[in-house]
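Full structure from sequences and hints, please.
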Amino acid sequence: MDDTSKELFALRKAAFAKGDKAVLEQVGEGKDIMSILLNANMHSTESDRLTDEELVAQMSTMLFAGTDTTSNALARTLHLLSMHPDVQERLRDEIIQAADTYGQDIPYEQLFELPFLDAVCRETLRVDMPLNFIVRETVGDSVLPLHQAITGIDGTPIHEIAVPKGTMVLVALAACNRSRAVWGEDALEWKPERWLSALPETVGQARVPGVYSNLMTFSGGGRSCIGFRFSQLEMKVVLAVLLQHFRFSLTDKKIVWNFSGIHFPSMHTDGTTPSLILKVQPLREE
Numbered sequence: 001m002d003d004t005s006k007e008l009f010a011l012r013k014a015a016f017a018k019g020d021k022a023v024l025e026q027v028g029e030g031k032d033i034m035s036i037l038l039n040a041n042m043h044s045t046e047s048d049r050l051t052d053e054e055l056v057a058q059m060s061t062m063l064f065a066g067t068d069t070t071s072n073a074l075a076r077t078l079h080l081l082s083m084h085p086d087v088q089e090r091l092r093d094e095i096i097q098a099a100d101t102y103g104q105d106i107p108y109e110q111l112f113e114l115p116f117l118d119a120v121c122r123e124t125l126r127v128d129m130p131l132n133f134i135v136r137e138t139v140g141d142s143v144l145p146l147h148q149a150i151t152g153i154d155g156t157p158i159h160e161i162a163v164p165k166g167t168m169v170l171v172a173l174a175a176c177n178r179s180r181a182v183w184g185e186d187a188l189e190w191k192p193e194r195w196l197s198a199l200p201e202t203v204g205q206a207r208v209p210g211v212y213s214n215l216m217t218f219s220g221g222g223r224s225c226i227g228f229r230f231s232q233l234e235m236k237v238v239l240a241v242l243l244q245h246f247r248f249s250l251t252d253k254k255i256v257w258n259f260s261g262i263h264f265p266s267m268h269t270d271g272t273t274p275s276l277i278l279k280v281q282p283l284r285e286e
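Following full-length UniProt numbering, the numbering of the sequence shown begins with 1 at its first residue and continues without gaps.
Mixed in with the good hints, there may be bad ones.
Unchecked claim - Straight line, CA to CA, 35 angstroms or less: simulated DSBU-like cross-link-like pairs of lysine-lysine:
1) K236 - K279
2) K191 - K254
3) K191 - K279
4) K253 - K279
5) K236 - K165
6) K191 - K253
7) K254 - K236
8) K236 - K6
9) K6 - K18
10) K279 - K254
11) K236 - K253
12) K13 - K236
Unchecked claim - Each pair of labels, with its calculated beta carbon distance range:
13) V139 - L233: 27 to 33 angstroms
14) V163 - I96: 25 to 31 angstroms
15) Y102 - A57: 33 to 39 angstroms
16) G222 - I96: 37 to 43 angstroms
Simulated from the structure, these hints should not be mistaken for laboratory data.
Glycine included, each C-beta is placed from N, C-alpha and C at the ideal position.
Okay, structure coming up:
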C-alpha cells in the first residue's frame with residue numbers, strides 16, 4: 001500500500017513540475033485525489049504546507065483507511081432503505097428528478113444539495129455509525145470538564161476529572177449520537193425526516209465537538225477523520241447511481257450486524273465475513 005501511494009505521488013509530482021498541460025494529460029485530468037492534494041499544498045502558506053511524506057500518508061488514509069467504514073455505512077443504508085420502502089421511494093423520486101434535470105451523472109454541487117439524500121445519509125451516520133467508539137491516548141496532563149456533574153461515592157458532585165499523560169481514553173461516539181438528552185426521546189429511531197426541519201435546541205446547546213453535523217461519527221479536533229467529506233461523496237454518488245436503476249427489498253434471510261472494530265453485516269451471529277443478502281430488482285422490469 002505504501003509503495004503504491006509513493007509511486008502515484010511521484011507520478012503526480014513529476015506532472016506538476018512539467019506544468020498544467022502534463023497534469024491534464026494524466027488519468028483523471030488533474031482531478032484525482034493526489035493532484036488535488038498537491039495543488040492545494042502548493043498554494044498553501046509555508047506554515048500550513050505538508051511535507052511529501054505527510055502528503056503520501058494523507059493519500060493512503062483517503063484511499064485505504066476508509067474503505068471498510070464507508071462500504072459498511074453504504075450497506076447499512078441499503079439495509080435500512082429495504083426495511084423502509086416508503087423512504088426508499090421518496091429518495092428515488094428525488095434522485096430521478098435531479099437526474100432528469102442535470103443528467104444521470106448529477107454534478108457534485110447539485111448532488112450535495114439534494115435535501116432528502118442528505119437527510120438519509122446524516123441519519124444513518126447518526127444512528128448506525130460504522131464505529132461505536134474510538135480510543136485516544138493523552139499526550140499531556142489535562143483536566144476533562146464534564147458536561148453534567150456526576151456524584152462521587154462520598155456524595156460530592158464532580159465537575160471535572162484529572163487525566164494524566166499517557167491515559168487511554170475510550171470515546172463513546174454512539175452514546176453521543178444517540179443521546180436522548182440531546183436528540184429527544186426518539187433518538188434511537190432512524191428518522192431521516194428529522195433533518196428536514198429545525199433540530200431540537202438541545203442539539204446546539206450540547207456543543208458537540210465533532211467535525212460533522214453536530215455528530216461524533218467522524219470524531220473531532222486535530223485527530224478527526226480527514227476523509228469525512230470524501231466519505232459522504234462516495235455514499236451519495238453510489239446511492240444516486242443504484243437507486244436510479246434498482247429497487248432493494250428484504251429477503252427471508254435474517255441480517256445480523258456484528259462488530260469487529262467496525263460494524264459489518266453478516267448472515268450469522270458468529271459470522272466473520274461481511275455479507276448482505278438483499279433482493280435487487282431492476283426498475284426496467286417493472
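Outcome of the hint check:
1. K236 - K279: Judged against 35 angstroms, a Cα distance of about 21 angstroms means the pair holds.
2. K191 - K254: Cα-Cα ~22 angstroms, so holds.
3. K191 - K279: holds (23 angstroms)
4. K253 - K279: Measuring from Cα to Cα gives roughly 10 angstroms; hence the hint holds.
5. K236 - K165: violated (40 angstroms)
6. K191 - K253: holds (24 angstroms)
7. K254 - K236: The hint holds at about 26 angstroms.
8. K236 - K6: Judged against 35 angstroms, a Cα distance of about 29 angstroms means the pair holds.
9. K6 - K18: holds (19 angstroms)
10. K279 - K254: Satisfied, since the Cα-Cα distance of roughly 13 angstroms is no more than 35 angstroms.
11. K236 - K253: Answer holds: K236 to K253 is near 27 angstroms, not above 35 angstroms.
12. K13 - K236: Given pair K13, K236 holds - Cα atoms ~30 angstroms apart, limit 35 angstroms.
13. V139 - L233: 27 to 33 angstroms: holds (32 angstroms)
14. V163 - I96: 25 to 31 angstroms: Given range 25 to 31 angstroms: violated, Cβ gap about 51 angstroms.
15. Y102 - A57: 33 to 39 angstroms: holds (36 angstroms)
16. G222 - I96: 37 to 43 angstroms: The hinted range 37 to 43 angstroms holds for G222 and I96, with Cβ atoms some 41 angstroms apart.
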